[in-house]
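The two chains are supplied separately, each in an independent frame; assemble them into the complex guided by the hints.
Line by line, the protein sequences are chains A and B. Count along the first sequence from 1, add 8, and you get the number used in my numbering. Count along the second sequence from 1, add 31, and you get the number used in my numbering.
Hints are supplied without guarantee of correctness; some may be wrong.
Once the Cα atoms are required to be at most 16 angstroms apart in a straight line, the calculated EDC-like pairs of lysine to aspartate or glutamate come out as [claimed, not checked]:
hint, chain 1, residue 1, chain 2, residue 2
1, B, K234, A, D74
2, B, K381, B, E359
3, B, K234, A, D71
4, B, K234, A, E22
5, A, K118, B, D322
6, B, K355, B, D322
7, B, K234, A, E41
For the record, the hints were derived by calculation from the structure and aren't laboratory data. If you're wondering where the values come from, they're calculated on a predicted model, not measured in any experiment.
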Amino acid sequence: MNEKTMTEEQHFSEVIAEENICTNDNLVFERTETLIDTPMHYCPGCGHGVAHRLIAEVIDELDIQDKTIGVAPVGCSVFMYNYMNIDMTEAPHGRASACATGIKRVMPDKYVFSYQGDGDLAAIGTGETIHTCNRGENILIVFINNGIYGMTGGQMAPTTLPGMKSTTTPFGRDVSIMGHPLKITELVAQLPGVYYCTRTAVNTPVNVRKAKKAIMNGFKYQELKKGLSFVEIVSNCPSNWKMTPIESNKWMEENMLAFYPLGDLKVPKAEKGE
Amino acid sequence: MKELKLMKGNEALAEAAILAGCDAYFGYPITPQSEILEYLTQDALQRTGMVVLQAESEIASINMIYGAAGTGKKVMTSSSSPGISLMQEGISYIACAELPCLLVNVVRGGPGLGTIQPSQGDYFQAVKGGGHGDYKMIVIAPSTVQEMVDHVKLGFDLAFKWRNPVMILTDGALGQMMEKVQLPDQLPRSTEDPEWATVGKPKTRERNFITSLHIEPDKMQEVNLHLQRKYRAIEKEEIRCEKFECDDAEIILVAFGLVARICQKAAQLAREKGIKVGVFRPITVYPYPYDELNKLADQVKGFLTVEMNAGQMVEDVRLAVNGKIPVEFLGRMGGIVPTPEEILHKLEEKFVGETV
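Okay, chain B solo, but in the shape it has when bound (with noise of 0.2 angstroms):
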């Protein structure tokens, strides 16, 4: 069995960009996820070559992203809420252009500044667009410290696959916390161009070139079908989601990140009450199980979704539900992680009594 290592959430997502061969992180501090930055300039150049760069503003670092993403290299930023707020043009250009890049969103509780602590609270903004027009990120959320390194290479994986942006959307108390990790073997920096990438032009090709301009509406609708069409296909095939005692549940937790954990406990404690609880946590929220979560939905008498927000996700299990079952939402914000009791007895409230 290869080595357990005990590793801060950012830290342990830093060190998988550099051992999966990460060309350049572009980034800009900001809490609760300044570590990442941190641990790529203490050696990342040395061991590999990657490139590490301060930039001025994340606005600067998500447009070097775009840069460099369009040499087909394989390029990563990190930042969190109020930071990734203000990168949502380049993203939305990024989606355009189609190119390949690692967006990791370690969120905080806002609107505004915020709170540095915890909280879901960006997962429209990462799903549902964020920047302008009809784009699409793939989004993946771990939800233990050994996923935010497993998560990195998958993301390149995918954004490399579909020539499109993936986020990694955790929160501030995965970024921080400390837990035991198995890291993977070094893969290599990059080592072909891809033919779309501008790195000058040979005699043999025709020019490349990297817009998101179209100013015929004809040309501009084409691409927006051409990105239409992708999208389904991502939706098709690239859904990841995991169940936890759902078998014979009555009541289904649904919950992603960090949450969907908090639910594991809340449902253990359920079951040795004697109701009979799972959970489904979705690891890709975009695409989203809409299917898997609409299949449960026949067996269950109710979801209950938990979040740190508003309610966000619960939206997509309404949608995913479409009016079968009862789904009702328990959301902590400001930065608050819910308990495992909290949970339990918000399900019983709503749940158990006197329907039971």
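Chain A with its partners taken away, still in its complex shape (with noise of 0.2 angstroms):
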């Protein structure tokens, strides 16, 4: 029987069979182990699942699995113990670098961090995120800004931009009624206990690999115990802002990165003009 004459269906299960394509000789790609194999929850088009598997490639390829304590307070990614192979603490609502200085303080050789997003790290949060980064704690921050409240669906975040609407700024974000949007990443690279600080997005292929990089950076500073590695990833909530996932990228690089400019706030000084 030669192709031609096969039925779509034997097509399938004898050309393209999984072990007729994936051999030692051409593999280029896996399952990230520490990745679980499961259907998320995240809306279609979010950044979250990339955020999420870029921690999991990094801890992958640092080998560092059974080392590695994960933080995931209130928020979107509440339940991000169900997709991490790793162990994991849910905190309570803005309590998760707090959560991550007890770990990392009985446990200094492991590695700890904490993933939190805009609400929780710079509204109900501020307070322990500011002393845990002037602490230096040798911990990483992911930082997830989508400038909403997810979860809750839709209301304005400490980082809603001005103008941008939200269930409870239905007209707009009025800074003269609201206040400003806190740029607390730049707050937080002013402080002496921040020994990485930068801003990365996953809206595109080069955008993904530098926020990996960075990510990767946050995992083994720890190492060298001197200080906090904070990532913000800026990324898109397309339920929230009721757009498509594509009209959400665009709105975001033309908007958001407009107001979140990416790029490194503080670098070691050794990796200076690397």
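So, in structure tokens, the structure goes:
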């Protein structure tokens, strides 16, 4: 029987069966061990899934699955422990960095990271964020900034842009009433306890690679015990921005990245100029 | 006999924490218990390697406890009333996630900012909940500086036995007063990781995660039923109480903590006047010794509950007695400690006189 006379079903099962395509010789990509093979609850097009994957890839590449403890607090990432094949703690809203401090202080040789949204890190948890950074805890904070409260259905976040609509700023954020968006990453970059601080995004392949490099740095720097690594990932929220994923990425680039420019805010001295 | 030392309650408790092999303390200053943090920052690290960290708030310190307790280490915090109020959300999470830890409340007068003087006004908060949802802490109430020491090891033992937060409910007077104490031997810090701890996942086991989030109603109900079964078992096994001259008593004073000692003096004064009075002291206020009190109700004509609050534990005494005999109440508030004489006076007013 040649290929032309095959039914479609036969074609799939016999010609493009997994074992016929993936051989040791041509294998270029594998499922990330640290990412659990399960459907995610995130909306289509959301940046969280990519950010999760990057962290999982870094943990795999550094081979530190058995030495890593993650903390994800209340917000869209509250179910992160369902997706990451590592030990994790679900923290109260805003308190992830305090929780991570407790873990790191009793196990200083383990890798500890928190994964927090903008409402969590820059509104209810501002105090914990600043003091954890200022103490120079040897942890990595991954900060997802999508300018809105995702989990609760699209209310104004501390990072919501001026004029941006949300369910609690239905006519757009009026800074004379609601105050200004908080650039907390610029704020913590000033603190001596912060060793590395950068802003990335996951909207294009290039930015995804840069974000992964930043997360990789954040894990590696923990070994140096020289202070905290802070990696912001500017992300989209198609559902609550009420856009398609493609529209949301375009809007993010034109509006979010104009206000929150990508790039390093603080890099270790030896690394400058690399 | 072991050496006796003269120590302040708060410092004795802090020393007991080091000796119990505590792995970490996270706390924030508040009167009247700041000596605990001060004492631990002196040389706990040098002596045992214990982590001692001053947090930026009580909210931060309870969440440091939450994170560190999840690693299966012996961790503790201490505070006083307003600070403990700030911790309630975290305590609720810790109770639901079933993490062992030791919390100390050196109670001061409230409500609000209140006073820095001693009080028992946080009884309800400690034994009935405090935070949101159906959970319980095991609550032990020392009445001497010696018990401030002994209850630290007891607290850690109970916390790990039941995977539950344990609170030492004491007050500003016990925290500040000096008494002779006998200190225990140094115990080692934690050496083994419990199988549920988040310490990094080896290939040989499934991942551990610590959460109090169960979005499916059936699952959340199952978690609640599991907690309630645990609390019923704690109520069977862990009740501790002390009776002072109750065997022939006609009237029994019921009090916890420091007030129980004042009641002993009042009972002595009463006996000198020919009134047979005993003292019943719950040592665990959760679980509460309902059955013991109920039995005693058959042999006496009344209870007088004495507290440094507006009447909190008296509700549990009435639940225990279930209407069998009168339960009277004497309470002082605002940081005022009742005197033996006023207790005796109240006792005579309520139980002696035309009925005798």
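Hint-by-hint comparison with the structure:
1. The straight-line distance between the Cα atoms of B/K234 and A/D74 is roughly 7 angstroms, inside the 16 angstroms bound, and the hint therefore holds.
2. Between B/K381 and B/E359 the CA atoms are separated by roughly 7 angstroms; this keeps the pair inside 16 angstroms, and the hint holds.
3. Taken as a hint, the B/K234 and A/D71 pair is honoured in the structure, with Cα atoms around 11 angstroms apart against an allowance of 16 angstroms.
4. This hinted pair does not check out: B/K234 and A/E22 have alpha carbons roughly 34 angstroms apart, beyond 16 angstroms.
5. A distance of roughly 48 angstroms separates the Cα atoms of A/K118 and B/D322; the hinted pair therefore is violated under the 16 angstroms criterion.
6. Simply put, B/K355 and B/D322 have alpha-carbon atoms about 13 angstroms apart, close enough for the 16 angstroms limit, and the pair holds.
7. At roughly 11 angstroms between alpha-carbon atoms, B/K234 and A/E41 fall within 16 angstroms of each other, so this suggested pair holds.
Violated hints, listed in ascending order, are 4, 5; each of the other numbered hints is respected by the structure.
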